[in-house]
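2 protein chains.
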Amino acid sequence: MKYYAGVDIGGTNTKIGILDNHFNILAEQSIPTLSQQGARATFSRIWQTILDLLAQHQLSEAQLVGIGLGIPGPVVDQAIVKIAANFSWGNDFNAKQLMEEISHKNVVVENDVRAITLGEHLFGAGQGVENLIVVPIGTGIASGILLNGKVLSGSGGCAGEFGHIMVNEQGMKCGCGLTGCLETYTSAPGLVREAKKLLSAPEMDKQKCGEFFQRFSTDLDSLQAHHIFEYAKKGDHLALQVVDSFAKYLAYGLGVLINIFNPELIVLAGGVAKSADFIIEKVQKFLPHYALGVSLQNLQIKPSQLLDSAGVKGAAALVIK
Amino acid sequence: MKYYAGVDIGGTNTKIGILDNHFNILAEQSIPTLSQQGARATFSRIWQTILDLLAQHQLSEAQLVGIGLGIPGPVVDQAIVKIAANFSWGNDFNAKQLMEEISHKNVVVENDVRAITLGEHLFGAGQGVENLIVVPIGTGIASGILLNGKVLSGSGGCAGEFGHIMVNEQGMKCGCGLTGCLETYTSAPGLVREAKKLLSAPEMDKQKCGEFFQRFSTDLDSLQAHHIFEYAKKGDHLALQVVDSFAKYLAYGLGVLINIFNPELIVLAGGVAKSADFIIEKVQKFLPHYALGVSLQNLQIKPSQLLDSAGVKGAAALVIK
Numbered sequence: 001m002k003y004y005a006g007v008d009i010g011g012t013n014t015k016i017g018i019l020d021n022h023f024n025i026l027a028e029q030s031i032p033t034l035s036q037q038g039a040r041a042t043f044s045r046i047w048q049t050i051l052d053l054l055a056q057h058q059l060s061e062a063q064l065v066g067i068g069l070g071i072p073g074p075v076v077d078q079a080i081v082k083i084a085a086n087f088s089w090g091n092d093f094n095a096k097q098l099m100e101e102i103s104h105k106n107v108v109v110e111n112d113v114r115a116i117t118l119g120e121h122l123f124g125a126g127q128g129v130e131n132l133i134v135v136p137i138g139t140g141i142a143s144g145i146l147l148n149g150k151v152l153s154g155s156g157g158c159a160g161e162f163g164h165i166m167v168n169e170q171g172m173k174c175g176c177g178l179t180g181c182l183e184t185y186t187s188a189p190g191l192v193r194e195a196k197k198l199l200s201a202p203e204m205d206k207q208k209c210g211e212f213f214q215r216f217s218t219d220l221d222s223l224q225a226h227h228i229f230e231y232a233k234k235g236d237h238l239a240l241q242v243v244d245s246f247a248k249y250l251a252y253g254l255g256v257l258i259n260i261f262n263p264e265l266i267v268l269a270g271g272v273a274k275s276a277d278f279i280i281e282k283v284q285k286f287l288p289h290y291a292l293g294v295s296l297q298n299l300q301i302k303p304s305q306l307l308d309s310a311g312v313k314g315a316a317a318l319v320i321k
Numbered sequence: 001m002k003y004y005a006g007v008d009i010g011g012t013n014t015k016i017g018i019l020d021n022h023f024n025i026l027a028e029q030s031i032p033t034l035s036q037q038g039a040r041a042t043f044s045r046i047w048q049t050i051l052d053l054l055a056q057h058q059l060s061e062a063q064l065v066g067i068g069l070g071i072p073g074p075v076v077d078q079a080i081v082k083i084a085a086n087f088s089w090g091n092d093f094n095a096k097q098l099m100e101e102i103s104h105k106n107v108v109v110e111n112d113v114r115a116i117t118l119g120e121h122l123f124g125a126g127q128g129v130e131n132l133i134v135v136p137i138g139t140g141i142a143s144g145i146l147l148n149g150k151v152l153s154g155s156g157g158c159a160g161e162f163g164h165i166m167v168n169e170q171g172m173k174c175g176c177g178l179t180g181c182l183e184t185y186t187s188a189p190g191l192v193r194e195a196k197k198l199l200s201a202p203e204m205d206k207q208k209c210g211e212f213f214q215r216f217s218t219d220l221d222s223l224q225a226h227h228i229f230e231y232a233k234k235g236d237h238l239a240l241q242v243v244d245s246f247a248k249y250l251a252y253g254l255g256v257l258i259n260i261f262n263p264e265l266i267v268l269a270g271g272v273a274k275s276a277d278f279i280i281e282k283v284q285k286f287l288p289h290y291a292l293g294v295s296l297q298n299l300q301i302k303p304s305q306l307l308d309s310a311g312v313k314g315a316a317a318l319v320i321k
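Protein chains in written order, with UniProt numbering: chain A, 1 to 321; chain B, 1 to 321.
Worth flagging that the hints you see were computed from the coordinates, not collected in a lab. The reader is advised that the hints may include incorrect statements.
What the hints assert, rightly or not - Reference excerpt, derived from the structure (chain A facing chain B, CB under 7 Å, subset only): (1) N131; (2) G154; (3) A159; (4) F162; (5) H164; (6) N168; (7) D244; (8) Y290.
Glycine is no exception: its CB is placed at the ideal position from the N, C-alpha and C atoms.
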C-alpha cells in the first residue's frame with residue numbers, strides 16, 4: 001500500500017494528514033506554523049510530524065510516496081509561492097525545492113483553494129464532473145476553477161480571486177487594498193459585521209425582534225457567523241435579514257462566475273459550508289437576477305463533501321492524482 | 001497550396017472569405033443571410049458563393065480543405081448551435097452536419113467570439129500568448145477566453161458572457177432578459193444612448209459646450225459611436241465625459257476578468273477597436289480601482305490585429321489550425 005501526506009499550511013496552524021490511496025485519512029495532527037522562525041524551521045517541523053505520524057501507525061518512511069502542500073497565496077508551477085502574504089518567507093519562495101531537500105520525497109505545492117478544488121473533483125462533491133467551481137467561504141471568499149479536469153492557475157498564479165470584484169463603490173476598504181470587494185460582504189467577518197450593524201441600530205424596535213436580538217444585542221462580541229445561520233434556520237426575522245443580504249451578494253458573485261464559465265457544478269466549501277444547504281436555497285432565489293437563464297439550466301450547486309478535512313485532503317490530492 | 005473558407009454568419013449579412021494557409025484573404029464577399037428562408041437555403045447559398053470565389057481565382061474545389069463557420073450563440077462540440085437566437089433555425093441545430101452534407105468538406109463550427117479569439121491567438125495580436133482574453137465590443141460585449149492555448153466553451157457552450165454581469169440594479173432592461181447588464185453601458189448602442197442623454201439634458205449650458213454639442217444636440221439621430229470617439233480624441237469636453245463613463249464601466253468588467261483569470265493579455269476587438277488605443281489609455285486609469293495589483297503587474301492590453309476581417313479570419317482559423 002502507498003501512503004501520502006497532505007499538508008495545509010495556514011497563517012497560524014498547519015494541519016498534517018497521512019492518507020492512503022483511497023483518500024482515507026489514517027492520522028492527522030495540527031501544529032503551530034510559527035512562520036516567523038523561517039521557512040526551513042517550519043518545514044522541518046512539518047517533516048518531523050509526518051515521520052512521527054508514520055511511526056505511530058507502523059508505517060515506514062519508504063511507504064510514503066509524496067507530499068502535497070496547500071498554501072495561501074499565488075503559487076506558480078506547483079512549486080513557487082509568488083507572494084507569501086501570510087508568512088515572512090519572502091516572495092518567489094520555492095516551497096517545493098525546500099520541502100524536497102528536507103524530505104527527499106516528491107513534493108507538489110499548490111494554492112490552498114486550488115488544492116481543495118482538485119480534492120473535491122477527485123474524491124468529493126465533484127467526482128466525475130470536468131467543469132466545476134469550488135467556492136470556499138470563510139474569513140474570505142475565493143474560487144477554484146476546474147476546466148476540462150484541470151485547475152486554472154492564471155499567468156501569475158492568481159486566478160480565481162472573484163472575491164475582489166467591486167460590489168459597492170462606497171463600501172469599506174478590503175484587506176487587498178481595493179474598496180467594496182464582494183468578500184467584505186460574503187465572508188464570515190462580513191456576515192458578523194452586518195449583523196452587528198443591525199443589532200446596534202438605534203431604530204431597532206425591541207418589541208418586534210426575536211431571540212437573536214435578545215441574545216446578542218447586549219453581547220455583540222460573542223457573535224459568530226454560525227450563530228446567524230442557526231437563528232435564521234429557526235426563522236428568526238433579524239437573522240434571516242442578515243442571511244438574505246449575504247445570499248444576495250453571494251448570488252451576484254456566483255452569477256458572475258456562471259456567466260463567464262457556464263459551469264456544470266458549483267461546490268460551496270469553507271466554514272460556511274456547514275450551512276450550505278440553507279444558503280443554496282436562498283442563493284437560488286436571487287440567481288435568476290444575475291445569471292443568464294441558459295447557463296442556469298443545467299447548473300447544480302452542492303455543498304462540499306470534504307468539509308473540515310478539505311485542506312489536508314486537497315493537499316494530498318495533489319500527489320495522489 | 002491548400003485553401004480554406006472562413007464564414008462569418010451574422011443576423012443580416014454573411015461574410016465569406018477564401019484564405020491560404022498563411023492566413024491571407026484571397027477573396028471575400030458579403031451576401032445577405034436571409035435566415036428566414038431556412039438553414040438549408042442559406043447554407044447552400046454560402047457554398048455556392050465559396051465555389052464562385054474559388055472559380056474567380058482559378059482554384060479548384062479539390063484545393064479547398066475545409067470550411068470554418070462562426071455563428072453567434074452558444075455552440076457545443078464545434079458543431080451544434082444550442083440556441084439560434086438570431087435565426088429561425090430552431091434550437092440544437094447541427095450546423096456542421098448540414099454544411100458537410102452540402103459541401104462534402106470538413107466543417108468546424110464555433111461561436112463567433114470564440115472563433116475570433118482563436119484567430120487573434122494564431123495570427124493576430126495574441127500570437128505566442130497561451131492565456132489571453134479577446135473582448136469584442138460592438139452592438140454588445142463578450143469575451144473569448146483562451147487558456148493554455150484552448151478556447152473555453154463552458155458546459156453548454158455559453159462561456160464568456162461577461163457582458164451580462166449586472167452593474168446597475170436600477171439600470172435598463174437588457175436584450176438577454178436581465179437588468180442593468182454591463183453590456184447596456186459598454187457597447188456602441190450604450191455609448192450612443194448615454195451621449196444622447198447628455199446632449200438633450202435640459203440643464204446643459206450651450207455656452208460651455210463645444211463642437212460635439214453644436215453638431216449633434218439638434219441632430220441626435222445621426223449620432224454614432226465613432227463620432228463620440230472622434231470628438232473625444234480632439235478634446236471635446238462633453239464627448240470625453242461620455243468616453244470616460246464608458247471606460248469606467250469597461251474597466252470594471254475587465255477588472256472582473258482580470259481577478260478571475262489573471263491573464264497575460266487582453267485584446268480589444270470589434271467595431272470599437274478602431275479607437276482601441278484611446279480607450280485603453282482611459283481604461284488603464286480606472287483599472288487599479290477594480291483589479292488586484294498583483295494581477296495587473298504583467299498584464300498587457302492591446303488592440304485587435306484582425307480588425308474588420310476578424311470574423312472571416314477567426315472562422316478560417318478553426319480549420320487552418
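TODO: Could you work out which earlier hints the structure fails to respect and list their numbers in ascending sequence?
DONE: Hints 6 and 7 not satisfied by this model.
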